Amino acid sequence: MKKLTFYPGCSLHSTATEYDESTRAVFEALGYSLEELDDWSCCGASSAHATDHYLSIALPVRNLVLAEKEGVDEVATACAACYNTLRKADHAVRTGDPAAVKANDSLVDVMGQKYAGGVKVVSTLELLSRPETLAAIKQKASKPLRGLKVAPYYGCLLTRPAEAVAFEDPEQPTSLDRVLAAAGAEVVRWSWKTECCGASLALSRPEILKEMARRIIVAAREAGADVIATACPMCHANLDGRQSEIADLKDHPVPVYFLTELLGLAFGLKKAPAWVGKHLTESRSAVRAFIPAGKVG
Amino acid sequence: MSVALVPSQTFLHEVQSHSGQPISLCYQCKKCSAGCPVGFAMDLLPHEVIRLIQLGARDRVFAANNLWVCTGCKTCQARCPNQIDAGQVMDSLREMALRAGTAALAPKGRDVNVKTFHESFLSTLRLFGRSYDLGMIGLYLGRSRAIGEHMGLGLNMVKKGKLKYLPERVHRMGEIRKIFAKAREKR
Ligand code: SF4
Ligand code: SF4
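First to last, the protein sequences are chains A and B. The first sequence: position 219 = 1106 (this note's numbering), numbered continuously. The second sequence: position 6 = 27 (this note's numbering), numbered continuously.
Do not take every clue at face value.
Where chain A lies over chain B, by a calculated footprint (3+ residues, C-beta under 8 Å) [to be verified]:
1. 57-69
2. 88-99
3. 114-126
4. 159-171
5. 183-197
Source of the hints: derived by calculation from the structure; they are not laboratory data. Being a predicted model, the structure only gives us computed values, none of them experimental. Here a beta-carbon is modelled for each residue, glycine too, at the ideal position from N, C-alpha and C.
Go ahead and model the full structure; you've got the sequences and the hints to work with.
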């Protein structure tokens, strides 16, 4: 078992526990053990970023200092929003952005030391899409997702701003496509892969958010997809949560899965049906063929 | 109605230095607006905000809803041929409006909810070091009175066990409190 230091972030501990559990289970099946970064705190998410530049650096960087204190040089996260926030703060400090350097200096007073710039934050999607991992996924997929037409949805946080976060072409990412294909799914081509779903407006402007979600989901359906796959808990909450309130979708919803849930189904993991049962849009029937008999319902 | 504009560089310089964005380089190619996913709900398109900043039209920039509804998705930043991050400009305008704290720069109508949401989120974060959805939603709904539009979603989330009753708390809360105290000093 290879040890991986893991930053779960708040969503994986609350609204997206199915993503947390499926990530741990899938990585374990692939030979990794995920160990949580001790005493991690919230990265500040969109609210720090949107209102207070100091907090948007100090809150995420606290976690990078924790990692350095533990002597860890790589931290993996499955949440696209945390990934984005941690990477942006890391990039700002490393490239010498004056406000970020000042905010980092202030952490000496808070934690006894500041961030030295020695931690690589990686997305679990990037880890899954490495060639050797793709080969392992193919091997593990005892129930390949044959015939399941999936729209790979990346959203904004894994791709932009490219200089701080992108690990592949930001306009035409393919990592999720490749992972899904390795699990045997049929990946559809569509042009809404990196469109923003409006997550930061979820509570404050639901009418705007619903229109943004509607356009993405309808585009997936029109491209021939039965389901959507994502690696972001914000995107999942938005695309999954409001379909019953959207006229174009309420009678023909399109289930949205975390990438790791689909991998769990392909691996034949026993808990996979329970994970997809937590979605607000009914998500079991579309993957019924991959659920072991007696597990449906 | 026509609005007389007296071009002024003061506002341009203020926003350029706050955001670190080379706003004066914009030549109105509109790529930012073409890709903006929230354009349909904005009073002005992103390239128009940039132009008005160049012209020093401070009041028109702050009267528009753009700084409150921009999601920070950075599509504009990815596409701009002049490396202008219009999303970062919106962040700066929002921070300037919040710092000023004046009625003139405060959000209006439904845009108030954007401010209320961020404040509610950061309140629970200050208390626990991690976000606490139930507490945050309670604060937000209490302040915004927007319960009607979230009732269905909220009930479904409770049914599926997506809202935890108890918050998680960071052990070294002193560090979190210090970070928030420092943020307040900077204002
Ligand atoms: S993309 Fe850049 S140069 Fe073009 S209009 Fe927008 S800000 Fe101006
Ligand atoms: S960051 Fe804001 S202005 Fe830029 S494309 Fe996204 S929503 Fe539009």
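Hints, verified against the model:
1. Note: the stretch 57-69 of chain B has 4 residues with beta-carbon separation from chain A under 8 Å; the three-residue rule is met and the coverage holds.
2. Under the rule that three or more residues need a Cβ within less than 8 Å of chain A, the assignment of the stretch 88-99 of chain B holds, with 8 such residues.
3. Beta-carbon proximity to chain A at under 8 Å applies to 3 residues in the stretch 114-126 of chain B; the threshold of 3 is reached and the given coverage holds.
4. Given a C-beta distance limit of less than 8 Å, the hint that chain A covers the stretch 159-171 of chain B holds, as 5 residues qualify and 3 suffice.
5. Judged by the Cβ-Cβ criterion of 8 Å, the stretch 183-197 of chain B is covered by chain A as claimed, because 9 of its residues qualify and three suffice.
No hint from the list above goes unmet by this structure.
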